[in-house]
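J.: The chain contents come next:
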Amino acid sequence: DAKTTQPPSMDCAEGRAANLPCNHSTISGNEYVYWYRQIHSQGPQYIIHGLKNNETNEMASLIITEDRKSSTLILPHATLRDTAVYYCIVRVAVSGGSNYKLTFGKGTLLTVNP
Amino acid sequence: DTGVSQDPRHKITKRGQNVTFRCDPISEHNRLYWYRQTLGQGPEFLTYFQNEAQLEKSRLLSDRFSAERPKGSFSTLEIQRTEQGDSAMYLCASSLLVGTRMTDTQYFGPGTRLTVL
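Taken in order, these protein sequences are the chains called A and B.
To convert, count from 1 in the first sequence and add 785; that's our numbering.
Once you know that position 28 of the second sequence is 18 in our numbering, the rest is easy, because the numbers rise by one and skip nothing.
The following block holds chain B by itself, in its conformation from the complex (with noise of 0.2 Å):
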């Protein structure tokens, strides 16, 4: 399977916690973004790479969150001292902007579900 590959897929922690969760884009994309989805909702965008650098971060992303795209490739987040309100799904999407193309078509993959207890 070439498509965007997450893991682990289901996460449970205690309160207080730090996880880490991963990301393997399609082979030579250079975009990479996380989102998060709460129950109900849409999926809502945290931050994105281009090749390793982070360019943008949204203020969904509090300072416990941190997220690296070390060597363009796979890409880790990281939340330390879960909480509660941390219980979501975790989506990760990748794509390839080339040149002077206006727009790039963002493939996903199938999340890590995160319960906080």
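So here's chain A without its partners, still in its complex pose (with noise of 0.2 Å):
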């Protein structure tokens, strides 16, 4: 799987917009770009993928480049419990029985103060 690259911590002022980057400059083709969140002593949350278009859902947006090398994550109106660390993770298209994992890196640590 590709590597990513995030800023170890980032900070938010609540009701504000969070944008979360994510570099990914060596993805394949094939590799979805995946976004997940884990608040401190749970389990992972999963948030968001996509491929190749921008999506959006209840709880983000993802905006993937044209060229697919980098995509941020936006938290429109971010609250205090979205305290959490977030986890940009690229995937290779599963096909078969193949696996995927999903590697983990460090995340950003997204801090929404009040």
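Treat the hints as calculated values from the structure; they're not laboratory data.
Careful: at least some of the hints might be erroneous.
Derived coverage of chain A by chain B (criterion: at least 3 residues anywhere in the stretch with Cβ under 8 Å from a Cβ of chain B; other residues may be distant) [to be verified]:
hint	stretch
1	822 to 829
2	888 to 899
Calculated lysine-lysine pairs in the DSS-like style (CA-CA distance at most 25 Å, straight line) [what the hints assert, rightly or not]:
hint	chain 1	residue 1	chain 2	residue 2
3	B	Lys47	A	Lys891
4	A	Lys788	A	Lys891
5	A	Lys854	A	Lys837
6	A	Lys788	B	Lys47
Quantities reported herein were computed from a predicted structural model and do not represent experimental measurements.
C-beta: ideal position from N, C-alpha, C; glycine also.
Since each chain sits alone in its own frame, please combine them into the complex, following the hints.
T.: Have a look at this one:
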């Protein structure tokens, strides 16, 4: 799986948009970008994923650059409960019985301040 | 709650003892993964099952570790002769891979925190 680069930490004011960047310059054409977050002492929580197009769901938006070498996760109105470690993961497409494990880095600690 | 569940949530044991953890995946999910997370690190893959078949094991999974998913539903992870280095959070995730879909989304349980004294 391609490696990803994320800033170790970021701050955001409550109610403002949180924009979390991720670089994945060696991504291949069949690799997806996944985002998970982990609140302290809990299991990782799935947020969103995408291949080429921008994606939006009830939690967040994912913006993938046209060359696919970077992406941004956007939390439109951050709350204190969004304070967590956010992981950007690049994952090869699954086929047949192939695995696909998630390879986590250290992620970005997002702290939402009141 | 229809999410992934894990039992126990916490386990404290003495070095040399055996421990077993259980994971109940989301109903009808055909894939089940085990990960381990140590302090300050992201989760690391241990092994995974497709239905009842264990298809891959990480090098992290020493011969003291064994995992089963006997009927393709719940799974157990056993650690024999525990060592202090086994202290970690053990996470289970499940997913559903259907037909020709090229990706499956893994949903994680709350984890089992193991402390080996």
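J.: Compare the structure with each hint and give your call.
T.: So, going through the hints one by one against the coordinates:
Closer than 8 Å: that is the beta-carbon criterion, and the stretch 822 to 829 of chain A has 4 residues meeting it against chain B, so the requirement of 3 holds. Proximity of the stretch 888 to 899 of chain A to chain B, defined as three or more residues with a beta carbon under 8 Å from a beta carbon of that chain, is established by the 5 residues found. For the proposed pair lysine 47 (chain B) and lysine 891 (chain A), the alpha carbon gap of about 22 Å is at most 25 Å, so the pair holds. Annotation: proposed proximity of lysine 788 (chain A) to lysine 891 (chain A) holds, straight-line Cα distance about 11 Å (limit 25 Å).
Pair hint lysine 854 (chain A) plus lysine 837 (chain A) holds up; C-alpha atoms about 11 Å apart against a cutoff of 25 Å. A hinted pair counts as satisfied when its Cα atoms are at most 25 Å apart, and lysine 788 (chain A) with lysine 47 (chain B) qualifies at roughly 21 Å.
Hint violations for this structure: none, all hints satisfied.
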